[in-house]
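Engineer: With the hints as a guide, bring both chains together as one complex.
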Amino acid sequence: MSPVSDPGFLLYFLTQATEREPGFWNWAFYWFSQEVVVVVVGLLLIIGFVTINAIGLIYAELKIAGHIQRRPAMMEVGWHGFLQPVMDAVKLLVKELTTPTAVNRPLFVVAPVIVFLPVLIAFIVIPFSERLIVRDLNLGLLLIFAFSALNVIGILIGGWASNNKYSLLGALRSVSQNVAYEIPILLSVMSVVIMTNTLRMTELVAAQEKVWFVLVQPVAAILYFIAATAETNRLPFDIPEAEGELVAGFHSEYSGMRFALFFLAEYSNMFIVAAVFATLFLGGWHGPILPGPIWFLLKVYVLVFLVIVARWTFPRLRFDQLMTLAWKVLIPFALANLLVTALVIKLIR
Amino acid sequence: MKYFRNIIVGGWSLVLGYSVTIPEIFKPIITVQYPRQKLEMDVGYRGHIELVRLPGEDGHFCLACGTCERACPSKVIKIQGVKPKAGANKAGVMYLIDFSRCSLCGICVDVCPVDALRHSMAYDLAFYSRWDNVIDLVARFKEQQEQERS
Ligand code: SF4
Ligand code: SF4
Chain A
1 MSPVSDPGFL
11 LYFLTQATER
21 EPGFWNWAFY
31 WFSQEVVVVV
41 VGLLLIIGFV
51 TINAIGLIYA
61 ELKIAGHIQR
71 RPAMMEVGWH
81 GFLQPVMDAV
91 KLLVKELTTP
101 TAVNRPLFVV
111 APVIVFLPVL
121 IAFIVIPFSE
131 RLIVRDLNLG
141 LLLIFAFSAL
151 NVIGILIGGW
161 ASNNKYSLLG
171 ALRSVSQNVA
181 YEIPILLSVM
191 SVVIMTNTLR
201 MTELVAAQEK
211 VWFVLVQPVA
221 AILYFIAATA
231 ETNRLPFDIP
241 EAEGELVAGF
251 HSEYSGMRFA
261 LFFLAEYSNM
271 FIVAAVFATL
281 FLGGWHGPIL
291 PGPIWFLLKV
301 YVLVFLVIVA
311 RWTFPRLRFD
321 QLMTLAWKVL
331 IPFALANLLV
341 TALVIKLIR
Chain B
350 MKYFRNIIVG
360 GWSLVLGYSV
370 TIPEIFKPII
380 TVQYPRQKLE
390 MDVGYRGHIE
400 LVRLPGEDGH
410 FCLACGTCER
420 ACPSKVIKIQ
430 GVKPKAGANK
440 AGVMYLIDFS
450 RCSLCGICVD
460 VCPVDALRHS
470 MAYDLAFYSR
480 WDNVIDLVAR
490 FKEQQEQERS
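Those protein sequence lines, which keep their order, are chains A and B. Quick note: the first sequence uses this note's numbering, first residue 1, plus one each step. Quick note: the second sequence uses this note's numbering, first residue 350, plus one each step.
Next up, chain B with everything else stripped away, as it sits in the complex (with noise of 0.2 Å):
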C-alpha cells in the first residue's frame, strides 16, 4: 500500500513542480542589466555617508564638532574644521571617511547635533588601491554643488 501511495504522491510532485516553474516562464523580468540600466535606491538605502545637502543653501552645516568622530565605532572619521573670522562658529573644511572599514552603522548620522549627515545613494562603489577609499566627504559635496550650477 505504501508502495503505490509513494508513487502516486511522488507523480502528484511532478506536476506539481511542473505547475510552479512552466508559469514562472510567463511571468516579467525582474533584474536590470546591471551596467547599462540601474536601479534607483530606495529612500531606506544606506550608502557611505554624505554632508546634507537642502536646495537654497549654499554649504553644508558641520560645525567639525568632532562628536561623530568619537562615537564612530571603527573610528573612520578624521575632521579638520576652522573659524572662517573671529567669533564666527567653526565650520568642517576637509572630511575623510575610510570607506573601506566604515560599518554603515549610521551612528555617526544619529549623533550628529545638527543633522548634518545623512546616508548617501552611492551604491556601486569600487576602487583599484585601497587608499581611494577615502573619501573626501566637503570635496565631494563641493563637486556635487557644482554638478548641480552647471
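Excised from the complex, chain A in its bound form (with noise of 0.2 Å):
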C-alpha cells in the first residue's frame, strides 16, 4: 500500500499540517468560502437564469411571431398563454427519452451535453454589472469565444450519431457555416481588442465610459450582429435545421429532455452573443439613472429583440449564399477594418 493511500497516514499527515501551520483551517475556511462557494452558488444562478431566460425568451418568440401576423399567439394557458413555455418545460422534462437502434449510443448521448456546457460556461464571464459577475477571468472574452466553438462538436457528434442523413447533413453544413462564421466574428472582435488592448469583460466595459464603441466601430458592430445570428444558427441562417429540407437537421431524432438541451443552448446562446455585443459595443453596464444590471439585461434584450424579429422577417438564405456573404463580404470588411483599427492605433500611440 502507498503512503497516500493509506488513511492512518493521510491522518497523522493532517494532524501534523494542523499543528504546524495554525492557520490550516482559517485558510481551509478561507479557501471554501472563496471557491466552493462561489462555484455552487454561481452554478445555481446561472442554471437558474439560463432556464428562466430560455422560458421568457420562448414566450417572447411566440408572441412576437403572432403579433408580427396580427394575431394574438397563445391565449390558453395561464394570463396570455404565459404559462404555456413552462408547460412545454414540464412536457419535455417527463417524456420518454427515445432512442432509435441505429444510432451510436454514447455519442448519442453525450451530444446534448457537450452542446449545452459550454453555455453555462460562457455566462461565468457575462459582466452584468461592475461586481455581478461570477468571474471576471483576464481571459474572459476567449473563453466565451473557445468555448462557442465546442457548440459545433457537439452539433456534429449529434448529427453523425443520429445515423440519419437528415441529421448528419445538418451538422455538416452546420460546421461549414461556424467555421466560415467564426472567422469575422473573431476578427471583429479584435478590433475592439486591440483598441483597449484586453481581453477582461469588465475592463472592456469601463474602457466605454464616455463612448460606446458602436460609435468608433460601427462596421465591426454590424459586421459582429451579422456574423453572431449566424453563429447561433438562427433564421435567416438557419441552414442547419432548414425544416424545410432536412426535417430538423442534426436533432431530428432527439425527443425529450434531450432535444430540450438543444433548444435551451439555442436560447441561451442567443443571449450570450448579444450579452458580448453589448460589453463590446454597447457600454455593458453603462447607462443613466438606472442601475447598471438594468442597463445591461435592457439592451441585451433589445439584441434579442432583433435577432427574434430577424426570424420573422427575412427568408432563409440558400447555402452557397451564406457561404458567399461569410467570405466575399464578411471577412475582407472584417479585414479592413482590423487593418484600419491597427494602422490608426498605431499612428495615434
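You may find that some hints are simply not true.
[What the hints assert, rightly or not] Restraint-style ranges between C-beta atoms, simulated for each label pair:
| hint | chain 1 | residue 1 | chain 2 | residue 2 | range |
| --- | --- | --- | --- | --- | --- |
| 1 | B | Tyr-477 | A | Arg-70 | 52 to 60 Å |
| 2 | A | Ile-121 | B | Ala-475 | 31 to 39 Å |
| 3 | A | Ala-28 | B | Val-364 | 53 to 61 Å |
| 4 | A | Val-219 | B | Met-350 | 18 to 26 Å |
| 5 | A | Val-340 | B | Val-381 | 49 to 57 Å |
| 6 | B | Gln-496 | A | Gly-56 | 30 to 38 Å |
[Said to hold, decoys possible] In silico lysine to aspartate or glutamate, DMTMM-like type, Cα no more than 25 Å apart, as pairs:
| hint | chain 1 | residue 1 | chain 2 | residue 2 |
| --- | --- | --- | --- | --- |
| 7 | A | Lys-165 | A | Glu-96 |
| 8 | B | Lys-376 | A | Asp-320 |
| 9 | B | Lys-351 | A | Asp-320 |
| 10 | B | Lys-424 | B | Glu-406 |
| 11 | B | Lys-387 | B | Asp-459 |
| 12 | A | Lys-346 | A | Glu-130 |
| 13 | B | Lys-439 | B | Glu-492 |
| 14 | B | Lys-491 | B | Asp-447 |
| 15 | B | Lys-434 | B | Glu-418 |
| 16 | B | Lys-387 | A | Glu-76 |
| 17 | A | Lys-63 | B | Asp-447 |
| 18 | B | Lys-439 | B | Asp-485 |
[Stated by the list, open to error] If you want the ones that stay clear, here's a sample from chain B, every Cβ over 10 Å from chain A, calculated:
| hint | residue |
| --- | --- |
| 19 | Lys-351 |
| 20 | Thr-370 |
| 21 | Asp-473 |
| 22 | Asp-485 |
Hints in this document: simulated from the structure, not taken from any laboratory. On a predicted model such as this, the values are computed, not experimentally measured, just so you know. C-beta atoms are modelled at their ideal positions from N, C-alpha and C, and glycine is treated no differently.
Structural biologist: Dropping the structure here:
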C-alpha cells in the first residue's frame, strides 16, 4: 500500500500539518468560502438564469411571431398564455427519451450535453454589472469564444451519431457555417480588443465609460451582429435545421430532455451573443439613472428582440449565398476594418 | 462596383425588412379566439341554404314545386309536399339537403319562383357521420321559430 492511499498516514499528515501550521483551518475556511461557495452559488444562479431566460425568450418569440402576423399567439394556459412555455418544459421533462436502434448510443447521449455545457461556462464571465459577475477572468472574452466553438462539435457528434442522412447533412452544414462565421466574429472582436488592449470583460466595459464602441467601430459592430446571428443557427441562417429540406437537421432524432437541451442551448446562445455585443459595443452596464444590471439586460434584450424579429422578417439564405456572404463580404470587410483600426492605433500612440 | 452596389442594396433591404415587421407588432390584432369568440358573418356570406323566415309571417313559402330539386347540379335536394286541403296550394313538409355534396352554387336560391330560399349564416358545420350532413330544412325552420318565440 502506498503511503498516500493509507488512511492512517493521511490522518497523521493532516494532524501534523494543522499542528505545524495553526492557520490551516482558517486557510481551509477561506478557500472553501472563496472557491466552493462561489462555484456552487454561481452555478445555481447560472442554471436558474439559463432556464428562466430560455422560457422567457420562447414566450417572447411566440408572442412576437404572433403579433407580427396580427394574431394574439397563445392565450390558453395562464394569463395571455404565459404558462405555455413552462408547460412545454414540463412536457419535455416527463417525456420518454426514445433512442433509435441504429444510433451510436454513447455519442448520441453525450451530444446534447456537449452542446449545452459551453453555454453554462460562457455565463461565468458575462458582466451583468461591475460586481455582478461570477469570475472576472483576464481572458474572459477568449473563454466565451473558445467554448462557443465547442458547440459545433456537439452538433457534429449529434448529427453523426443519429445515423440519419438528414441529421448528418444538417451537422455538416452547421460545421461549415460555423467555421466560416467564426472568422468574421473574431476579426471584428479583435478590432475592439486592439483598441482596449484587454480581454477582461469588466475592463472592456470600463473602457466605454465615455463613448460606446458602436460609435467608434460601427463596421465591426454590424459585422459582429450579422455573423453572430449566423453563429446561433437562427433564421435567416438556420440552414443546419432547415425544416423544409432537412426535417430538423441535426436534432431530428432527439426527443424529450435531450431535445430540450439543444433548445436551451440555442436560446442561451442568443443571450450570450447579445451579451457579448452589449459588452463590446454598447457599453455594458453604463447608462444614466437606472442601475447597471438593468441597463445591461435592457441592451441585451433589445438585441435579442432584433434577432427574434429577424426570424420573422427575412427568408432563409441558400447555402451558397450563406458562404458567399461569409467569405466574400464579411471576412474582407472585417480584415479591412482590423487593418484600419491597427493603423490608426499605431499612428495615435 | 457591382459588388459594393450589392452590399448597399442588400444592407438597405435589411432596414426595409425591419421597418415592415416591427411596426406590425404594435398594430391591433385582427383574429379572434375561435371557440370563445365568433365572428358575425357578413350578409354576402353563403352558407348552406335555408327557408326564408320573415317577421310576422308564420310558416315558410315553399310550394314544393320541385324547381330547385331539378335545377340543383349536385342533385342534393329532396322535397316532399302535401296539400293541406282540397284546392289549396301545396306546401313543403320535408325539405332535405345533403350538405356534404352541396357546392353552395346558389342556383336553387335563384330559380325558386316564390323566393322561399336563401343562404344561411351557418359556417362552423362539422359532423361525426356523413348522414348527419343531411339537414331537414323544414325541421330546422320550425326549430328556429320555436327558439324565437321562447
Ligand atoms: S346551392 Fe347549388 S348545390 Fe347546393 S342545394 Fe342549391 S342548387 Fe344544389
Ligand atoms: S324552395 Fe322554391 S323552388 Fe324549391 S320547391 Fe320550394 S318553392 Fe319550389
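Engineer: Each hint needs a verdict: does it hold in this structure or not?
Structural biologist: These are the hints, each one checked on the structure:
Checked against the hint of 52 to 60 Å, the C-beta distance between Tyr-477(B) and Arg-70(A) comes to roughly 34 Å, which is inconsistent with it. A hinted range of 31 to 39 Å is violated for the C-beta pair Ile-121(A) and Ala-475(B), which are about 53 Å apart. Take Ala-28(A) and Val-364(B): their Cβ atoms lie about 59 Å apart, and the range 53 to 61 Å holds. At about 20 Å, the beta-carbon gap between Val-219(A) and Met-350(B) stays in the expected band of 18 to 26 Å.
Judged by the Cβ atoms, the range 49 to 57 Å given for Val-340(A) and Val-381(B) holds: they are separated by roughly 56 Å. Checked against the given bound of 30 to 38 Å, the beta carbons of Gln-496(B) and Gly-56(A), roughly 48 Å apart, lie outside it. Among the hinted pairs, Lys-165(A) with Glu-96(A) is consistent with the structure: their alpha-carbon atoms are about 24 Å apart, no more than 25 Å. This hinted pair does not check out: Lys-376(B) and Asp-320(A) have alpha carbons roughly 36 Å apart, beyond 25 Å.
Taken as a hint, the Lys-351(B) and Asp-320(A) pair is honoured in the structure, with Cα atoms around 18 Å apart against an allowance of 25 Å. At roughly 30 Å between alpha-carbon atoms, Lys-424(B) and Glu-406(B) are farther apart than 25 Å, so this suggested pair is violated. In summary, the hint linking Lys-387(B) to Asp-459(B) is not supported, as the alpha carbons are separated by about 29 Å, beyond the 25 Å threshold. A distance of roughly 30 Å separates the Cα atoms of Lys-346(A) and Glu-130(A); the hinted pair therefore is violated under the 25 Å criterion.
A C-alpha spacing of about 21 Å is found between Lys-439(B) and Glu-492(B), which places the hinted pair at or below 25 Å, so the restraint holds. About 19 Å separates the Cα atoms of Lys-491(B) and Asp-447(B), which keeps this hinted pair within 25 Å; it holds. A hinted pair counts as satisfied when its Cα atoms are at most 25 Å apart, and Lys-434(B) with Glu-418(B) qualifies at roughly 24 Å. Proposed proximity of Lys-387(B) and Glu-76(A) is supported: the alpha carbons are some 16 Å apart, at most 25 Å.
Restraint check for Lys-63(A) and Asp-447(B): the C-alpha separation of about 42 Å exceeds 25 Å, so the hint is violated. Taking the CA atoms of Lys-439(B) and Asp-485(B), the gap is near 18 Å; set against the 25 Å cutoff, the hint holds. Look at Lys-351(B): its CB is around 12 Å from the nearest CB on chain A, clear of 10 Å, so calling it non-interface holds up. Interface exclusion of Thr-370(B) from chain A breaks down, the closest Cβ pair being 4 Å apart, not more than 10 Å.
Distance check for Asp-473(B) against chain A: the nearest CB is about 18 Å away, which clears 10 Å, and the non-interface claim stands. With a least beta-carbon separation of about 37 Å from chain A, Asp-485(B) lies farther than 10 Å from that chain, consistent with its non-interface assignment.
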